[in-house]
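Protein chains in written order, with the working numbering: chain A, 1 to 337; chain B, 1 to 267; chain C, 1 to 238.
Hints were generated in silico from the structure; no laboratory data involved. All values reported here derive from a predicted model rather than from experimental measurement. A virtual CB, placed ideally from N, CA and C, is assigned to each residue, including glycine. Accuracy of the hints is not assured; some may be wrong.
Restraint ranges, calculated between C-beta atoms of paired labels, are given here [to be verified]:
hint	chain 1	residue 1	chain 2	residue 2	range
1	A	Asn123	C	Lys4	47 to 55 Å
2	A	Lys199	B	Gly99	43 to 51 Å
3	C	Asp140	B	Lys31	41 to 49 Å
4	A	Pro47	C	Glu218	52 to 60 Å
5	A	Pro47	B	Ile39	25 to 33 Å
6	C	Gly233	B	Leu159	52 to 60 Å
7	B	Asn82	C	Asn215	48 to 56 Å
8	A	Asp233	C	Lys8	46 to 54 Å
9	C	Asn55	A	Ser177	50 to 58 Å
10	A	Glu212	B	Asn145	32 to 40 Å
11	B	Lys31	C	Lys8	46 to 54 Å
12	C	Glu224	A	Glu212	55 to 63 Å
13	A	Thr189	B	Gly99	55 to 63 Å
14	B	Lys135	C	Lys144	37 to 45 Å
Read off the chains here:
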Amino acid sequence: MQTEFLTGNEVVVKAALSAGARLMFGYPITPSTEITKTFAEEAIKNPRLLFIQTEDEISAGFGVIGAILGGKKSFTSTAGPGTVLMQDPISMAEAMRLPFVGIITQRGGPSTGTVIYSQQEVNLTCFGGNGEGLRIVYSPSNLQEVYDLTIKTFNNAWKYRFPSFLLTDGYLAKAKSKVEIYEPSYLSTTKQILGDAKKIVNIRNTYSTEEELAKILDKYINEYEQISKHIRDYESYHCTDAKTIIFAHGSVASACRAACSQLKRVGLFRPITLRPFPEYEAKMIARRADKVIIVESSAGQFSRMVKNAIFGVKTVVLEYQKPALGITPEEIIGLLK
Amino acid sequence: MKEDNLKILLAGEGGQGVQVIAEILNNTAYKAGLESIYIPNYGVEQRGGVSLAYLQLSKNPIAYPKFKIADILVVLCERAINRVKNYSNRKTKIINGIGFVEKVEEHNLSPRTYNMMILGLLTEFLPLDNGLVLKTMEEKFKKKNIPAELLNQNKQAFLLGRGLAVRLPRYAKKLASVPIKDHRKWPTFVKTSSDKPKITIKINPQYCKSCGICIYKCPTNALHFSEKITGIYGAPITEVDIKKCIGCGMCESVCPDTAIEVEKEKS
Amino acid sequence: MIPKCYKKENLPHKFCPGCGYGVILKSLGSVIDHLKIANKSVIGLDIGCGLLAWNLFDVDTIQTHHGRTTPTMAGFKFAKPEAIVLAIMGDGGGYAIGLQSLLHSAHRNDPITVILVNNTLYAMTGGQMAPTTLANEITDTTPKGRDSEKTGLPFLGPEIIATLTNKQAYIARASIRSPLQVESCIEKAIKNQMRGKGFSFVEVLSICPTNWKTNAEESFKFLEKMEDVFVLGEIKKP
């Protein structure tokens, strides 16, 4: 283990390499660009790596799919309008159960918005595409978790064969700080899906009848529910005797955690996985509190998920929403004092 | 109308024309001032898949275009049986059109008029005026610029269907009792020339879709459509006049369906 | 003859009567047999009628998204350079929705083989205008014939791609009028990939009797008209 001084985007590349990534396909878009740049630099040094700069995010996503079919861990990174285009390949990965890995660095939206920051790509990353959101989505709250959870994203993608994402944001992407870099104790194995001479496979994504497709979907949805218990993850901070529980995710949760440490009887519940969502735990914690406050840099994308999870709980629910704006610990303290 | 909502499910081979039947009936119902709704349901293939049409006629507004149990189930090909048998119960009237395929040919009508014969037959069981259905059919075909001769044949097929409806109980078998033909067991037609060098032509009706490309491409006009034998889509297969065949292999090379093979002995 | 690499249990295939795809796939099948590459090849199928071939070959196949077969198969080739990677698409998939990817793959000289079927329209959706629709040709979306003043002239794919590729590329146009020519061009294109050279591309002029509403003779007459606009031959060879 060693301590390094890195930006979030550089941490992603370190983690991807530790997790066994061999190919990256990417298209530059702020604030994710340094991921492509750093990986391209690594690929120059290491002949086992390959970086392909594609003509757009669609092509980057399908390139990732092609490489995965060939049995290699590969990934892409994008943000904002790129995340919109990326839904095309992601929906194919969802339909074919391919271990697609995407790093999403949220920026301000809608449209080109800002290149800076937001938490507005929750819907797209969790539920984008013309499907059911059978995806695994990690939301790290600091640079160390960017490293830890990127490795988990790769591992779980290949272990469970659902498209998997690390949902960061412009702050986490650009911030530079100390991070512990280590060799992971566990790495998932890869499998060549197409082109294995030992077995002929014909993979389809088009079905002729409603029933045919419905049968496949039932199976996938059922499997997703089965594996959810192994994946869903959360952090609870100062929740034991808290009267007020803040619900937040990502870097906003870090601000809220800092605020909680200075406030009395205020706790934080933070889903580490947005998909699958830690619904049961969220409900249990919300039930014990007098008041729940859902805090996010979006106008309710996260809040809808929380309210859905805690449905039926009688606790008062308040919302604090700052779409495309950062939220500081001071702000939270001011709000709750 | 006895039932307030009459549910009709039609099922056939893609290209057999079940959608046309449903469209004509739906349009007729609209003209007659009834409530009606129709949806097609088929896969990506234009041919070679099972094509379903859900049609409902009612005096009252209809809530949803799909249904679970049909009052009338019309099946036009064997393959459709498995797809639709769950849509019937003891009360469902089943019209098994498979038994009628030869009827059009017996009356010297084009095989393409088969669906209009079924339309005529089905109309007898519906609260729709025959004349109005026929008129709607004519309008539809004229819009599509169907040649007068074919339109005429379609009308004849419609009338033929009406006549057959009288004898329907004989044909309205239970679905399960219809034997499903195994296309893979169809015999391949083989002809060998008596002259030297010996030429053998093999034509496989389970693959032949009656596109006619081999007939058009044959340099010696040795090929023609069969008058009796039909292929996978119920349309005439190619036959060879072996005396005219020079064994050039053109037909084999242009056949998109690998239905024809040419063997020529080396002289 | 039925190619050895066909899955006979899945015959007859799902293509319409008279569809040119039957001839093209049979030609591809003969090349795969001849070069003995069935277990080294991977076929990507675009959305369009070509997807019906998904279970026709005893070769690995995958259906992708409309227009996305080129980047998917290029991605596969990057991961598995030793595989023989084929992408099959229609004129809509290649020249409209997937043009950007096709051009850039050619421009990067990705060592894959693209077979593009040109039948002048979108066939699977029932016959709408494609970039390749001939001037004055009637389709669903050009009910009075394609007005080239407003919608452009037929798109000349191989000629355009030839200007983007380097000297290692193989680019040709064939017609199903001559199945042997189709076979020869496909074979050269695949060999170009096997020799580790660059991008290889074959456009095949095909017929669509269902959407053209033509019989065999009329279909081939229309194919002749296409050949006047889309010139056959090898446009670029290494």
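The hints, checked one at a time:
Hint check: asparagine 123/A to lysine 4/C, Cβ distance near 50 Å, so the stated range 47 to 55 Å holds. Taking the beta carbon of each, lysine 199/A and glycine 99/B are about 44 Å apart, inside 43 to 51 Å as hinted. Take aspartate 140/C and lysine 31/B: their Cβ atoms lie about 26 Å apart, and the range 41 to 49 Å is violated. Hint check: proline 47/A to glutamate 218/C, Cβ distance near 57 Å, so the stated range 52 to 60 Å holds.
Roughly 57 Å separates the CB atoms of proline 47/A and isoleucine 39/B, a value that falls outside the hinted 25 to 33 Å. The hint said 52 to 60 Å for the Cβ distance between glycine 233/C and leucine 159/B, and at roughly 55 Å that hint holds. At about 33 Å, the beta-carbon gap between asparagine 82/B and asparagine 215/C misses the expected band of 48 to 56 Å. Between aspartate 233/A and lysine 8/C the beta carbon distance is about 50 Å. The supplied range of 46 to 54 Å therefore holds.
Asparagine 55/C and serine 177/A have their C-beta atoms about 53 Å apart, which keeps the hinted 50 to 58 Å range intact. Between glutamate 212/A and asparagine 145/B the C-beta distance comes to about 37 Å, which sits within the given range of 32 to 40 Å. For the hinted restraint 46 to 54 Å between lysine 31/B and lysine 8/C, the CB-CB distance of approximately 50 Å keeps it satisfied. The hinted range of 55 to 63 Å is not satisfied by glutamate 224/C and glutamate 212/A, whose Cβ atoms lie roughly 41 Å apart.
At roughly 58 Å, the beta carbons of threonine 189/A and glycine 99/B sit within the given window of 55 to 63 Å. A hinted range of 37 to 45 Å is violated for the C-beta pair lysine 135/B and lysine 144/C, which are about 28 Å apart.
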